[in-house]
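K.L.:
Okay, here's what each chain looks like letter by letter:
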Amino acid sequence: MEDKNKKSPFVTKVELGIIAFAIILPFIFDSSPYFQGLLIFVLMWVILGTSWNLLAGYTGLVSFGHAAYFGIGAYAAALPYYHFHISPWWGLLTGGIVAVILGYLLGIVVFRLRGPYFALGTLASAEILRLIFGEEEWLTNGHNGILYMTTWVSKYPYYFIALILALGAIFSVKFVMRTKAGYYFLSIREDEDAAQALGINTKKYKNISTVISTFWAGMAGAFYMIYMGFIDPEVVFALHNISIITILVGIIGGVGTIWGPAVGAVVMVLVQELFRSSIFGLAPSWVSGMHAFVFGLLVIFVILYMAGGILGDWDLIKKKLKFSRKVETSK
Amino acid sequence: MELFLQTLIGGLLIGGLYAIIGIGMTLIMGVLGIINLAHGQIMMVGMYLAWLFWMAFGLDPYLSLFLAVPLVFLLGIFLSKYLLYPLIEKDSILPENQVLMTVGIGMVLVELARFIFSSDYRSVKTSYSDKTIMLGNISLSWPLVIAFVIAILLTLGLFWLLIKTDLGRSIRATAQDRDAATLMGISSKRITILTYGIGSGLVGAAGILLLPIYYLFPDVGPIFTVKAFVITILGGLGSPIGAIAGGIVLGIAETFGATYISMGYRDAVGLVIFLLVLVFLPGGLKQIFKI
Amino acid sequence: MKFTKILIGLIAVGLMFSLNSCGKKETGPIKIGVLLPLTGHQANFGTMEKNSYELAKEEINAKGGINGRKLEFVYEDDTGKPDVGRSAAEKLINVDKVPMIAGGYSSSVTFAAAAVAQQYRTPFLVNTGSVDKITQPEDFNLTVNDGDKFYIYRMNPPVSEYASGLESLLSEVVKPKSVYIIHENTAFGTKGAKSFAKTAKKLGIEVLGQQQYSAGTVDFKPLLLNAKKANPDMVYMISYVMDAALLMKQAREINFTTPKLYVGAGAGFTMPAFKENAGKASDHVVSATLWHQTLPIKGAKEYYDNYVKKYGGDGPDYHGAEAYSAAYVVADVLTRCKGDYSKETIKKALDNTDMMTVFGPVKFVSYGKKIHQNKMKTYVVQWINGELKLVWPKNLANAKFEYPIDWKKVWAE
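Chains as they are written, first to last, in numbering that gives the first Met the number 0: chain A, 0 to 330; chain B, 0 to 290; chain C, 0 to 412.
If you're looking for bench data, these hints aren't it; they were derived computationally from the structure.
Any given hint could be a false lead.
To give a feel for the contact side, a few chain B residues facing chain C, derived at Cβ under 8 Å [stated by the list, open to error]:
#: 1; residue: Q5
#: 2; residue: G9
#: 3; residue: R113
#: 4; residue: D119
#: 5; residue: Y120
#: 6; residue: S122
#: 7; residue: K124
#: 8; residue: D129
#: 9; residue: T131
#: 10; residue: S140
#: 11; residue: Y213
#: 12; residue: D218
#: 13; residue: I222
#: 14; residue: T254
#: 15; residue: A257
Partner residues are not named here, just some residues of chain C that face chain B (Cβ under 10 Å, in silico) [claimed, not checked]:
#: 16; residue: S213
#: 17; residue: T216
#: 18; residue: Y239
#: 19; residue: M241
#: 20; residue: L245
#: 21; residue: E275
#: 22; residue: A277
#: 23; residue: K279
#: 24; residue: A280
#: 25; residue: G312
None of these values were measured; they are calculated from a predicted model.
Every residue, glycine too, gets a C-beta built ideally from N, C-alpha and C.
Bound conformation, chain A alone:
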């Protein structure tokens, strides 16, 4: 897989196609800002999922606390506004940087941990931040949250900002994975001790991976604040709704694949929203109560039968589909 990448151009034809498609997509749904809103959510999850994927999927550091970086990015945008009426838009500059700083500081603690300890350490860091931001009302307005009347009603600007961020995340990961650092990440993932024994400065490369990953998570958080206009600690530091869903996006799409999180984000948002809205009101209303149930079943199914995720097991899926449909054998 990695070998193929090396010879192929940095941006392949298929990717160009996807980008072109992503650019025209919102215009297709011009009449439905609601659907455009869903697309923006997809892009936000692409950013988060891609960020997580670099750290977990490529470097083997499975973070269960990505909400920490997401939340701090969101508050980096929100707090200057709350206290000094500085536009949250500056968050698109500061959000990522603040998250990187937090990532570095937390890294001092959590990088000493391995396996389930690492998972729990990251999980606990996000939880502690959630409690602190909820409790310190003088700083964060606590559980009341921070509201900002968003700049535009139109979805287009937000869509394209999110698209730029998402592509930035995806291609920065793609870029770094084509450099030497990328190989070091993979060797850390496969066997950290062996990598160290080979003379790789594992600490340094873990930090590089963390910097890129947390930067994008923080940017996603800042974007969330700008776009949603409302955050509170329970929302942005959420264990389940942010940290875990981020992981699920990565897992469903395909861990350790460039476009996996993008696929996962599309699937996750569509499934959730389809069921939450009872398939756009076409199904009886009790269906809407089942959205979490169906999503849970989907998670179980994917992990059980497609351990590599949709993209990771794409060849396998194609094979099975071919078996039943016998179409498009060439390409």
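Using the hints, position chains B and C against chain A.
P.N.:
Below, chains B and C without anything else, positioned relative to chain A:
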């Protein structure tokens, strides 16, 4: 002084309950090497079963321990046999797949509970729910005392199982070194599945003991899952004694935190202890007790 | 090849969405959006409100509907999360094309959804979300003079006024010198505690302490013992029903008999489940409330009885009454629109609302920092021998306020 003693004893009693929640988790984490994010949800299942028996037959929650716990145990067996164990044998990039499987299981369990029982709050009212024992000026809630005693009995039973029986020895061996245990002829599949069942049964029992004191709704679980993590790390992976000590330390630390710092930071106390232990005592209390 | 196929498919879907809006049938039902938490941990209240909306809708339609057309509510589940609430509000406005939204349960979700409604200039009649800022235009970058640009209306009083009925009871009868405040750490809890602390200051009551707790607290004794040590004249608690029961039960367990009064700030303290779970410890507890089925308001009792008849269970509390009345306000507003169901006409009709509901009179007025806020009286109820009685204000009371209270006797076995 009254405040101090009441805080101490209150923390101790709660700690007893936390201990059983923690033992289940520590066994699972030790043997399966995963964090079980469905732990609280399995506890919720146990609580609903006991509540159901109480509603339908008027069965006292303490008696339904004998009925509900085996059912939760079977649920655990089922989950591990068909959903978790197959993942161990499968090759995947991240071992964390199993953890995410528990997330999926947890979501499905909660939504099933909501579907069947709705989101209403439920509780079990027994004749002793309101009873208290006074020790001087210190009041002990009767159900909490019973829960504490049963927790101790359960723990003793578990110890007997772990130390005196072949099954127990196999579990401990697998927890310490899975590969070595397999080489010694232990069927790691059987042990893995059984351990998840036992862990589930234990946390189910904890839920049932909590029922007369607390209340029940489909989302009751996650808070207790987080507590179970803290206890497990505090005690050390796979160490039941560590979990008991961890549970009691957590219970006491929480109540002291609540009394003397701020109730809002009650949960943070546990998490801060947790991070400190992770950093300074990575093996948990197990390192000190050597069990 | 494959690509174009997908593209064509998507364009078709896109068209479907836009077609949705074209089919304006002038004789079909009038659709109004309702935003409520129907799943998640607030779902039991959301369901109570949904049931009440449905109950009202059936009655309204049975009486001929809105100018001959049927009324229909389109429910969206906000799952208790602000971000979901926002996209659900967007869906109601953009996909279902409703000219008006009602509902709004949790404070933070309502606030987040209100921002959406405001941006799309869609009238939003809030029936439960209670943080003050929801009807404060300054939080939406407007001023109090921008009534014509402000699309949020609220029927229930803001949380800072939940205890207003209590004030006169305290100043005239109980006259406590000190208070200890216990509250859950949510927007509703912290705001409520803050505003009661202000009220206390106004009444010359010293606040001896203010403590919060988070969901999942099993043992409240440390908190209660701190309160006991402070020795307050009254304890003021803001909690949902199960925590409320635990608080009172454990207060009894530690023999915290010194306060003259235990007061709950509505929310959980008026629900039957509170009494069931707290048992004896619930007796003589006082609570501020927004509504009670025994109030001498036309229709209150009927609504309560019909609800119990139709849905069973414990019956609705003020949340249900709010939803039920909101449905009637919606019907009244739409009827006055006389066939033009555009957002602007509805907004104007909302401005002129002046009607009676089972929840009390509804009229949207401006005062202080708030506009489009319904001013309401609140009441005081007390659990007397296992029944919730209205004890204040005196002229409406259906039972004598039990006071002074000897907790030792009340709580005795």
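K.L.:
Using Cβ atoms only, decide whether T131/B comes closer than 8 Å to chain C, and label the hint accordingly.
P.N.:
holds, 5 Å
K.L.:
Hint validation: A280/C versus chain B, beta carbon distance must be below 10 Å. Holds or violated?
P.N.:
holds, 7 Å
K.L.:
Tell me if the interface restraint on I222/B is satisfied: Cβ within less than 8 Å of some Cβ in chain C.
P.N.:
Holds: closest Cβ of chain C sits about 4 Å from I222/B, inside 8 Å.
K.L.:
So, S213/C near chain B? Judge it on the closest CB pair being under 10 Å.
P.N.:
With Cβ-Cβ at 6 Å, under 10 Å, it holds.
K.L.:
Answer holds if the nearest beta-carbon of chain B is closer than 10 Å to that of M241/C; otherwise answer violated.
P.N.:
holds, 4 Å
K.L.:
Under the criterion of a CB-CB separation shorter than 8 Å, is Y120/B in contact with chain C as hinted?
P.N.:
holds, 5 Å
K.L.:
Taking the closest Cβ pair, is G312/C under 10 Å from chain B?
P.N.:
holds, 8 Å
K.L.:
Take the shortest C-beta to C-beta distance between A277/C and chain B; is it under 10 Å?
P.N.:
Interface hint status for A277/C: holds (9 Å vs cutoff 10 Å).
K.L.:
Is the interface hint for R113/B satisfied, with its Cβ closer than 8 Å to some Cβ of chain C?
P.N.:
With Cβ-Cβ at 7 Å, under 8 Å, it holds.
K.L.:
Regarding the hint that A257/B lies at the interface with chain C, is the smallest CB-CB distance below 8 Å?
P.N.:
holds, 4 Å
K.L.:
Classify the hint on D218/B as holds or violated, based on whether any CB of chain C lies nearer than 8 Å to its CB.
P.N.:
Since chain C brings a Cβ to about 5 Å from D218/B, closer than 8 Å, the hint holds.
K.L.:
Hint validation: Y239/C versus chain B, beta carbon distance must be below 10 Å. Holds or violated?
P.N.:
Holds - the Cβ of Y239/C comes within 10 Å of chain B, reaching about 9 Å at its closest.
Every hint, counting from the list given before, is met by this structure.
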